[in-house]
Amino acid sequence: MTDASMQSPETGRHTISLTATDERTQKRARAEKRFRSYGLAAIGTGLFFLVVLFTSILSQGLPAFQRTVVSVDFTLTEPQRDEAEGTLFKTKAYSNLFVTQLSKELSERGISVDFDEAAIERLLGKVGGTIRSFYAENPGKLNEPIKFDLTASSRVDGYFKGRVSRDTIQDSRFLQKSDLDLVDALEEAGIIKQAFNWPFIIGADSGVDNPGGAGIGASVVGSFFMMVVVLGLSLPIGVAASIYLEEFAPQNKFTDLIEVNISNLAAVPSIVFGILGLAVFIQFMHLPQSAPLVGGLVLTLMTLPTIIISTRASLKAVPPSIRDAALGVGASKMQAVFHHVLPLAAPGILTGTIIGLAQALGETAPLLLIGMVGFVARGYPDGFLAGFTEPNSAMPAQIYTWAARADVGFYEKAWGGIIILLMFLLTMNIIAIILRRRFERRW
Amino acid sequence: MPILWLILIVSAVAAVGYVLGRARALQSAGGDSRNLHSLPSFYGANVTLKILVPAFGLLIAWLLVQPFFVNSQVSGMIPESAIKEGSSRSLVMAEVRRTAFGLDNAVAQGNLTESAASDAQVDVIDVTQRLKDAGQVVTSEITQPVLRAAQSYRAMSATGYAIMSVAVLAVAVIGAVIGWLQTNAEYRARNVVEQGVRVLLLAAASIAILTTVGIVLSLVFNTWEFFKLYPASDFFFGMTWAPSFSGRGGSSELGILPLLWGTLYISIVALLVAVPIGLFAAIYLSEYASPRLRSVAKPLLEVLAGIPTIVYGLFALLTVGPLLLDIFGDSGLGWMKAGTAVMTAGLVMGIMLIPFVSSLSDDIINAVPQAMRDGSYGLGATQSETIRQVVLPAALPGIVGAILLAASRAIGETMIVVLGAGAAARLSLNPFEAMTTVTAKIVSQLTGDADFASPEALVAFALGMTLFILTLGLNVFALYIVRKYREQYE
Amino acid sequence: MNDMTRVERAVDSKDIKINAKKVQVYYGATHAIKDVDVEIEDKTVTAFIGPSGCGKSTFLRCLNRMNDTIDICRVEGDILLDGEDIYDKRVDPVQLRAKVGMVFQKPNPFPKSIYDNVAYGPRIHGLARNKSELDEIVEKSLRRGAIWDEVKDRLDAPGTGLSGGQQQRLCIARAVATEPEVLLMDEPCSALDPIATAQVEELIDELRSRYSVVIVTHSMQQAARVSQKTAFFHLGNLVEFGETGQIFTNPVDPRTESYITGRIG
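Heads up: the protein sequence lines correspond to chains A, B and C, in order.
Numbering-wise (our numbering), the first sequence opens with residue 34 and increments by one.
Numbering-wise (our numbering), the second sequence opens with residue 238 and increments by one.
Numbering-wise (our numbering), the third sequence opens with residue 2 and increments by one.
Careful, some of the hints might be misleading.
[To be verified] Straight-line distance between alpha carbons at most 30 Å, and here's what the computed DSSO-like set of lysine-lysine pairs gives:
1. C:Lys90 with A:Lys60
2. C:Lys141 with A:Lys60
3. C:Lys113 with A:Lys66
4. C:Lys90 with A:Lys66
5. C:Lys113 with A:Lys60
6. B:Lys721 with C:Lys107
7. A:Lys286 with B:Lys721
8. B:Lys535 with A:Lys66
[Claimed, not checked] Cβ pair distances, simulated, as ranges:
9. A:Pro353 with B:Phe305: 41 to 51 Å
10. C:Asn131 with A:Ala74: 27 to 37 Å
11. A:Ile235 with B:Pro559: 57 to 67 Å
12. B:Ala575 with A:Phe257: 32 to 42 Å
13. A:Ser70 with B:Ser665: 30 to 40 Å
[To be verified] Calculated Cβ distances over 10 Å to all of chain A for the following chain C residues:
14. Gln106
15. Lys113
16. Ala129
17. Asp206
The set of hints was computed from the structure by calculation and includes no laboratory data.
Every residue, glycine too, gets a C-beta built ideally from N, C-alpha and C.
Pulled out of the complex, with its shape left as it was, chain A reads as follows (with noise of 0.2 Å):
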């Protein structure tokens, strides 16, 4: 024990050095380096996709939010009001004066540029119309300066944020490249100007060559009442079913066979319920199609699996010594789940209903085959009920609408709609992730 000497034992073993590294362990190290670096590539990898994803969101996305509003100062007197209401072609009148009174602005402000009245309807559409109406609603208004704020149509709107330019457009019924000298003399006298697009998110979709005026609201609300129909069926149903099968469901054929379909339907692509939804619900059961009630319905069949496992998942997660005490006191095994057991597990459940919304939220494709396409957004519903049976469409539904149409100027809008979608989906995350922390339990 006293000798330590350094010698090779005789087995002949020979030691080499451990801080000595030879060529083979160099290698490895080499080897183990260059597949550490795959790991990160990878991880780089998605995580430079998810940043071009939204970059793209984002960057495309935002200019929807802005629109382009020429705003004019106009009075309208009495006598010019009789006189144009006394020409065969009165909203034309009523244009002809605005583009008198803007030519006499701008003149004022030392600009000098040629239009005429047609190049207005191009810039502005039907601005004696819009004109004339006002009139027509606010004749106490008459004699006073008005100030009207007329949104620009989608491609002067595409001057502003880059989308068309000098060089690229072509002359056609809706944008002459002379337009685009009178839009400049505009911005020059600073009548036309960036305002934020409320239209956009209050409003509702308009027709195929209008992107100016397509907004997002109606489908917003088609969507909210879907999610109302969701809420209300699968949150009682789910629980009910989770309940059932965590808590009171014998070991039995029937039983296994719940278990299965509930793990395959969670399985099923989303397309395949809306075709269940349009045989049975449309085809065999009459409901109305395209609204929102039968878009919930679809849902509701397809976020129960997600739900069921979730709540079964929370329940589970309360310990059984909880459902002990309570049996030990003489509550019947029903009390023991609805007065313990349930509130314990409630804020998972709740985390997970929530989840389970916000992934029927941005679903698309089922809510296509029974007719919730973004067209029939056309309008608000007329009142609570008739939010359920109204054609309406969904915001998913909506934006892909705009994706297939042929103009650009839907694209923005398209964009535009993701980011609302998103700010929707994010917010309902944020709650589950704020009440999961808050009211998790760690047993």
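Since chain A is already given, all that's left is putting chains B and C on it; use the hints.
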């Protein structure tokens, strides 16, 4: 909405029943709830259940059965002569129903008086004009038999709903009386109510089975209809997909093979993107990453899974497609003609599947016991040697299961291919060509103008059937593998 | 304690294989090993005994740096293998573990064939130049693991299909296949039945002729049967270290005495 009123009235009866049942129980116990078998609220709940369950059960059953009954009755009234060449009884019945709804709406809007709407002698042309004025969709000129049928359809429906309201209310009241009579101090209300709730819970759980049955029935029934109009062998083995747009012409070629090929090709491209990236990300996250990196990177990657597929569809159509076109298009390598192609859809679908593959693989890699790793480290293996030669082989069945689940996702994915893959069905090997898939064609065949009874629309159900069987098979197989794998290490 | 005399005591002094000085181990804020000094000789079986949670397994895992795989674990002090500090920055733990092999508490064969289990180490370390050399190493290792006769006809069968005792001997064969100089054994018999335990103990005694063996054990009888040197750990401290016979018959520290007579533990 009379049904809404009916529901409200029955609910009100139930509420009253609750109060009365509770009061009667207390009274029978001499006002002392300790003499009761169960808590007073159970007696109330007993009465409520006896009102609600049969009444609503009858309501739902009636609503399901009545349209059937009325349909078959009215259908029998249409004379053979009223069915035009090339049409069928079911098409005429659809017309009848549309007319009936149109009449309802026109009356509601005041364009038509109730007496005019139900008058059998009314002038057909006048009614048609009035319906059009009321903004009701009337596909063709209404004929006399159709109008007759529509009028009796309305009449029978109205009578049916009236009888239904009476019946439902009667059932509710009978239930209330039975519940009320049962109520006395000895009655075991808690047991009865709990048994009832238990049955309701079971009913909720059975909805999963009903859904599956609904899916299978709606697919099988319509697929059967389709195969009556179009030979099954042509569908399964046809090499061309060319539906005619004219309506019910016999000129459509509806072969599924080009669609299956497109589906498969896009899924393969997607898996080629998602599997290596997802798997390596999972390996790095579970074996190498520091807890801090893991806590940041894992949720960030999972954000990709929470994004709706419509967003990916738009991303494919407007960002990835043009980008690929710049590189592989005429201005670049010249392989690509348009932005929509197998590559575009496959790439974007791959991105969508990354978190799916990575989180499943992560779970599976973590299920490999630490002892296995220790054994390898103890022999002087490096971490990568341990992963490649011990952990991955041990996790292989689970990972195969995860990949199969991802494949089933890819096959069933709709929005990305609808927007990103193009619309042309072709059998080609070039990944830069536009192709189409089963799901995309289901959407286009069912959202077009084709009549639901035409083979062009019905083919969508046959496609759906194929898709359902394909994904179901993959899922069942994959879940089986994963379960077996988990049992091995438990 | 009669069987103690059965073990032939090695009285001649041997080379010191591992020399640990003032070793401290921390798990996060917990001080798991306090100031341990120990010298482990070549060609000797050294047993670590002590009650559960005393740190004997932790200390064992420090000797081939298996604790590196645990993030929160921190080791201070010097552990010298043949005079070289194994915690030196330049030391590759992979190379170290090839020299200091390990056998674990629960048999952990890889889900591969018996042959591949044993060949795994030689393959990754490149010990064989060709298939026949590898075959030779596998056979030699399985013989040293005293399991060759039982498995020679089914080398392609999965290692996980063997019985518990066979699995553990397979793991030992796997460990010796890399030609280690030290063999660490972490309660190698705790998951085995008495017959398998006897076989493994016999094997350990044979291994002594070629390797320095360190064994952690719960069973004092086992320590007495197989080891020449015994270290007694208690609450992270090395209480006593010496000849096995002396520790069991004439312990110096009262705590050791309490433990071996069954009053603590």
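Handout entry: Structure-inconsistent hints, enumerated in ascending order
Key = Violated hint (a single one): 11; every other hint is consistent with the structure.
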